[in-house]
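Participant: If you want the building blocks of each chain, they are given just below.
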Amino acid sequence: MRLLPKQENAILASPMVLFLLVLLGFPVVLSIIYGFSEASFESLMSPKFIGLENFRLVLQDSSFWDAGWFSLRFGVITALLECVLGLFLAVYLAPLIRKHGWMVAVLIIPMIVAPAMIGLMYRLVLHEFAGPIPYYFYEWFGWSPSFLSTGMVFQTIVVAETLQWTPFAFLLFLTAYQAIPNDIREAASVDGTRPWRMFWKIEFPQMLPTLFVAGFIRFIDGFRVFDNIYTLVGAGPGGSTTSMSIYIYETFLRRGEIGKAMAAAILLFIVAFAILAMGQRLMRRAQ
Amino acid sequence: MMLSRKFLCSAALAALLTGSAQAEVTVLGWPGGPEEEALRAVTEIYNAKADVAEDDKVELLFTSRDGFFDKLQVDLAAGSTAFDANLIATYSIGRYAPFLEPITLSDEAETVFGDTVLSTMQYDGAQYGVPTDLSLHFLYFRKDLIDALMANDDAKALYGDISEKYLGERLEPKNPEEWSWQDFAANALYFSRSVNPDSPTRYGTVLQMKNLLFNMMVFHSLPRSYGANWMDADGNITVDSEAYRTALEMAKMLFDAGATPADSTSYEYAEANAAYSAGQVAAMVQWNAAASDLISAQPETVTQAPPTGPEGRFTHIHGLGLGLNAAAENKDGAKAFLKWLSTEEAALAYARAGGAPGLATNTAQKLADERPDLVQVGDYASNYGFVMNGGTSKNALSIYEAQAKEFTGYWAGTQSLDEAMSNITASMTELLK
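The listed protein sequences derive, respectively, from chains A and B.
Each position in the first sequence, counted from 1, maps to that position plus 105 in the numbering used here.
Each position in the second sequence, counted from 1, maps to that position plus 790 in the numbering used here.
One or more hints might be untrue.
Said to hold, decoys possible - Derived EDC-like pairs (lysine to aspartate or glutamate); straight-line CA-CA distance at most 20 Å:
| id | chain 1 | residue 1 | chain 2 | residue 2 |
| --- | --- | --- | --- | --- |
| 1 | B | K861 | A | D296 |
| 2 | B | K839 | B | E1135 |
| 3 | B | K1223 | A | E143 |
| 4 | A | K306 | A | D296 |
| 5 | B | K933 | B | D1163 |
| 6 | B | K1121 | B | D905 |
| 7 | B | K1223 | A | E147 |
| 8 | B | K847 | B | E834 |
| 9 | B | K847 | B | E826 |
| 10 | B | K839 | B | E814 |
| 11 | B | K1156 | B | D905 |
| 12 | B | K861 | A | E147 |
Keep in mind the hints are simulated off the structure, nothing from the lab.
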């Protein structure tokens, strides 16, 4: 019996779907139950159904919107910076990497380090009295920027995130760049195309789908950032570095408002899902 | 057959040995640092006692300090039986009380610790824990710098000019034992290069202004000396008071004037200690636990009770201790261990092993040669220690969190003092209702 392509797809995807259902299904169902219930640590075993009340509380909470705005800015800026830098590194270093493949391993090292460790590392490195960076600033200029002061903390965490995750974008772009058939480049060269024009008119359009993928993955990752910011500066003065994930964490564990935290998590999931679906549609259109 | 019998015998013996080595009372302690070492030491003493049954021997369990209280909360709420007794802290007793059981201390407990220290482990009139370590604040200052200031007339005149400009009154340098918070602020300004370019230190003080609940505890000694409290006797929220406003404004003035590092809004215990240890800070208010590190880094350091205010001299106190998990599998064994921990024998052993119990004066005197710092801690706790009204309530931790958010927002300039006061009053009204 010959299976239709749709049936084949369903059969092939079923182990993964089953795996996700088993591993994620239970927490998701629990989250949905708590999201519609009045639940605290005392009433963890006996949540009381209250309909959409938690969603109303979340949507009326100015801290939720502040956290959303912070995550949006952070996600967009870091995704843009990482893609621009990653693309530049991939194109600029491609000839060198063709000769010395081991360079890739070196360049992706930051990606391997746990984000929480990155936060702790910067906490030490940027400390005015213990960190090497302020130390050399004082040695050479008699002054040092306060990297974690209110005016600079956003820029600092953006730089920290960008430095850690640019290698991810770089890796994707390098793969896409190397996948472009050399025949096209050679033909363009024979026709007298200059390198800059070759990049803009030939290579860049070929890499556009990868750019979308990298941009969306990095945006979603940046939007839900938690570890490195939390270990570096916490929620920030007046909650100024509170991302959506930090908001959910603090609502859940620090304030014990489990229902409200779950409602915020569900909203975050819906937004992330909508962005992903939109991204996919855009990507298909670009292809 | 022979082989299988041998195997079965070996397996049974191994099971017996394993069983006998397994402790029946599991205690979840505060990981890392002197608290862990001290708890290990007293547990050894307890387990070696002839009258402690094999089934009641204690085994210790340590995780990590990061997120400790969050993990503990989830474990307790889930009715975990992984431990019979666990760490509790003054500010979290109210939150954990539904999952704990009150305990009975030994008859000696009151003499050993005194009422103030025992009250740090009480909630709703019941004793929920045996106190093990007491935390309060010291004023740390560099005596060499203060002596040099006091000996120089030109420096004194400049000190007067600076205090007049920033604090609105002309002050003269004093010995730190006599300091009010105004003197503390004047000293902090004088020893800051942003105010006095010839200062021997970069900053006059270091304030811990990160949005973190523990930083609020350090800050509270200041507003309390101006009469601040969370609630009055009738349960009205009194945070929006002249006392809190004065204290918050003083901290902001020092921050804006550059008397504390510009990234103090990301500072907590470790960062503040690093700043002081680098020799670039003249004086600071910090936890007593930092004493040995700060004194060894800056040997001219002297410790003193925090400065005084119009309502007197105060230091926030809180205790760490061990309480009984309501879901414990061996409650009797755990109760026996906790009761023993409250005896003089255990408290002295704990102190000798590096712990910092809040001992009553007579008990602390027995260790005066070995642990002089404990005499000072006991003295300050009895004379200046305070817990805010509502400081052990169910939502005490959340109140500290809310204050940390609003007050740091004011210090960092993201909101006005009125906004901060309005927000925190609303939050505390909700949390303390």
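Participant: Now look at each hint and say whether the structure bears it out.
Facilitator: Verification of the hints:
1. For the given pair, K861/B sits about 66 Å from D296/A by alpha-carbon distance, which is inconsistent with the 20 Å threshold.
2. Under the criterion of a C-alpha separation no larger than 20 Å, the hint pairing K839/B with E1135/B is consistent with the structure, at around 12 Å.
3. Simply put, K1223/B and E143/A have alpha-carbon atoms about 18 Å apart, close enough for the 20 Å limit, and the pair holds.
4. With a C-alpha separation of about 13 Å, the suggested pair K306/A and D296/A falls inside the 20 Å cut-off, and the hint holds.
5. Restraint check for K933/B and D1163/B: satisfied, since their Cα atoms lie roughly 18 Å apart, inside the 20 Å limit.
6. The hinted pair formed by K1121/B and D905/B fails the criterion: a straight-line CA distance of about 26 Å is larger than 20 Å.
7. The straight-line distance between the Cα atoms of K1223/B and E147/A is roughly 17 Å, inside the 20 Å bound, and the hint therefore holds.
8. For the suggested pair K847/B and E834/B, the alpha carbons sit about 9 Å apart, so the restraint of at most 20 Å is met.
9. Annotation: proposed proximity of K847/B to E826/B holds, straight-line Cα distance about 18 Å (limit 20 Å).
10. A threshold of 20 Å between alpha carbons decides the hint, and for K839/B with E814/B the separation of about 15 Å falls inside it, so the pair holds.
11. Between K1156/B and D905/B the alpha-carbon distance is near 19 Å, which keeps this suggested pair within the 20 Å criterion.
12. In summary, the hint linking K861/B to E147/A is supported, as the alpha carbons are separated by about 15 Å, within the 20 Å threshold.
When each numbered hint is compared with the structure, violations occur for hints 1 and 6.
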